[in-house]
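K.L.:
Letter by letter, the chains look like this.
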Amino acid sequence: MNSRSREAAAHNAGRSGANEPEPDTLALFEDFDAPPPPSRSEGRARRPAARSDEPGLSPESAISIAALTLATREIIEGAVEPLWVRGEVVGLKEHRKGHWYFTLKDAAAQIRCVMWASDARRALAAPDEGMTISALGKLTVFAARGELQLRILRIEASGDGLWRKAFEKIHKKLEAEGLFATERKRPLPLLPSCVALVTSTDGAALHDVVSVVQRRCPITRVVVAHAQVQGEDAPKSIVAALHRVARWGQADVVILGRGGGSREDLWAFNDERVVRAAAGMPVPVISAVGHEVDVTLCDLAADHRAATPSAAAEAAVPRLTDLVRHVKRLGTELREAALAQVESARERLADAGVSVARAATHKVERGRLTLEGVAGRLHALSPLATIARGYAVLADREGNPVTSVTSLNDGDAFVARVRDGRIHARAERTETLREGEE
Amino acid sequence: MSFEKKVQRLEEIVRALESKDMSLEKGLKLFEEGIACLRDASTELAKSEAAVQVLRERVDGILEATDLRA
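One line per chain: the protein sequences are A and B, in this order.
Under this note's numbering, the residue at position 368 of the first sequence is numbered 368, and the numbers go up by one with no gaps.
Under this note's numbering, the residue at position 35 of the second sequence is numbered 35, and the numbers go up by one with no gaps.
Okay, chain A solo, but in the shape it has when bound:
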């Protein structure tokens, strides 16, 4: 036994809380290479007297159970490198300190497993009951129970079970907070003067975005905030880059992304810290992570989702030539509309002139008709009309009409008005007609 495994044995003994004297353990295995002691037959169990004081080789030198299990553990740990094993998860219990205890089993066998909190923290999510997982484990012995045990270092579910579970857990939480709500989505600026790009300066995304922006809209400035986009430090790095852009404050829109990769490569874009930072940006964010099929939580939290960094750049900037054409057209329309207004005002003026004339003519005409009507009625009432028909109108000297025999005395002078003049005359005699007499 070398000194390293000796130290390990001492360490393990201390950790398990056993208080077995180490020399026993070591002594037991001093002769590990010797043939195993026969166990079945009494006769063969007998040993030469010279060896009977060796630990565990006689009733007198019996070793403790702790020594046995610790020694076993040492052998097993020393002999077997960490291995990937596959099995079904049963009875997972989560300790309040974050350790996971469960059993891995298949049709024929099972083994107890432990995943210490320091390792469990790095796992995406705890596996579900009955989930088949692959686990990287180091074989050991749990002395207190005399059980074979796997200390699990990493787990991966067959298929996407764990990814999905972790994704759904964060998704559920952030959705409940309204981070993915449609109402939160802001429109992208028509012509950003500066596009910030949060990605790796070593990645393909930078080249793709820059070439699209320079082709479509070369007047827009592209500023890259470098972030490590995969690996354990990626979330922190991406969050820091987003914060730099926010603090700098000169970008009109942010593209957050990277080129395609495995699910593991893209995982940082599902990290809660990253998703929150993206959602909290003061300017609209376009996410462009990986390929079309991979939706990340950043995609859901962003104001706009693009399938690729190139597509993100196309969404971020307009085609300058289109914009120039649009503005030119607006200029033409403006002039035409203004001219039309002037023309319309001129027409209105002309129309107003005609209306005034028409209104005036109408008034005069109405006056004339009224006048004619009145004149006609006047004419009908006038005694002149009667005279014109051959009658005479008599008046006394004072000009009072003579309409009765009582108006005149015999010999009184009077005037008869006839059609073409007056006749001055004198009444010779007046007589009153009786009723009915003509």
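Bear in mind the hints are in silico, worked out from the structure with no lab data behind them.
Ideal placement from N, C-alpha and C gives every residue a C-beta, glycine not left out.
There's no promise every hint is true.
As the list claims (entries may be wrong) - Here are the simulated lysine to any residue pairs, SDA-like style, with alpha carbons at most 25 Å apart:
#1 B/5 / A/184
#2 A/93 / A/184
#3 B/20 / B/30
#4 A/328 / B/1
#5 A/328 / B/63
#6 B/26 / A/352
#7 B/29 / A/340
#8 A/105 / A/95
#9 A/185 / B/4
#10 B/5 / A/105
#11 B/20 / A/355
#12 A/165 / A/88
#13 B/26 / A/336
#14 B/20 / A/354
#15 A/236 / B/4
#16 A/236 / B/63
#17 B/20 / A/332
To be verified - Label pairs and their computed distance ranges (CB to CB):
#18 B/62 / A/325: 39 to 49 Å
#19 B/4 / A/295: 21 to 31 Å
#20 B/66 / A/121: 34 to 44 Å
#21 A/272 / B/57: 17 to 27 Å
#22 A/99 / B/63: 37 to 47 Å
#23 B/32 / A/350: 18 to 28 Å
#24 B/48 / A/325: 17 to 27 Å
Since the structure of chain A is already known, use the hints to place chain B on it.
P.N.:
Frame of chain A; chain B shown alone:
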């Protein structure tokens, strides 16, 4: 006013001038405003090509954008 706002205002003015009759004085005023928007927007579109830069944080915490290829 941002480029976008200018173009939006210009569109509004064109629509207003196209759609309804107004006093000559008001029409002229709108036209002048539209011409100003048009001039500003065109100036912005005629800017020179921008560089690609990297946003770095200096040791004193100040953020600065420097040319990528520099």
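K.L.:
Work down the list of hints and note, for each, if the structure agrees.
P.N.:
Now for the hints, and whether the structure bears them out:
1. B/5 / A/184: The given pair, whose Cα atoms are some 21 Å apart, holds under the 25 Å limit.
2. A/93 / A/184: Violated: residue 93 of chain A and residue 184 of chain A sit about 39 Å apart, past 25 Å.
3. B/20 / B/30: 13 Å, holds
4. A/328 / B/1: 19 Å, holds
5. A/328 / B/63: Judged against 25 Å, a Cα distance of about 38 Å means the pair is violated.
6. B/26 / A/352: 20 Å, holds
7. B/29 / A/340: 15 Å, holds
8. A/105 / A/95: Given that 25 Å is the threshold and the Cα spacing comes to 21 Å, the pair holds.
9. A/185 / B/4: This hinted pair holds, its Cα atoms lying about 18 Å apart.
10. B/5 / A/105: 66 Å, violated
11. B/20 / A/355: 22 Å, holds
12. A/165 / A/88: 16 Å, holds
13. B/26 / A/336: 16 Å, holds
14. B/20 / A/354: 22 Å, holds
15. A/236 / B/4: Distance of about 35 Å is beyond 25 Å: violated.
16. A/236 / B/63: With a Cα-Cα distance of about 18 Å, the restraint between residue 236 of chain A and residue 63 of chain B holds, given a limit of 25 Å.
17. B/20 / A/332: Answer holds: residue 20 of chain B to residue 332 of chain A is near 18 Å, not above 25 Å.
18. B/62 / A/325: 39 to 49 Å: The hint (39 to 49 Å, Cβ to Cβ) holds, given that residue 62 of chain B and residue 325 of chain A are roughly 41 Å apart.
19. B/4 / A/295: 21 to 31 Å: 29 Å, holds
20. B/66 / A/121: 34 to 44 Å: Taking Cβ atoms as reference, residue 66 of chain B and residue 121 of chain A lie about 38 Å apart, which means the hint holds.
21. A/272 / B/57: 17 to 27 Å: 24 Å, holds
22. A/99 / B/63: 37 to 47 Å: About 43 Å separates the Cβ atoms of residue 99 of chain A and residue 63 of chain B, which means 37 to 47 Å holds.
23. B/32 / A/350: 18 to 28 Å: 26 Å, holds
24. B/48 / A/325: 17 to 27 Å: Since residue 48 of chain B and residue 325 of chain A have Cβ atoms about 20 Å apart, the given range 17 to 27 Å holds.
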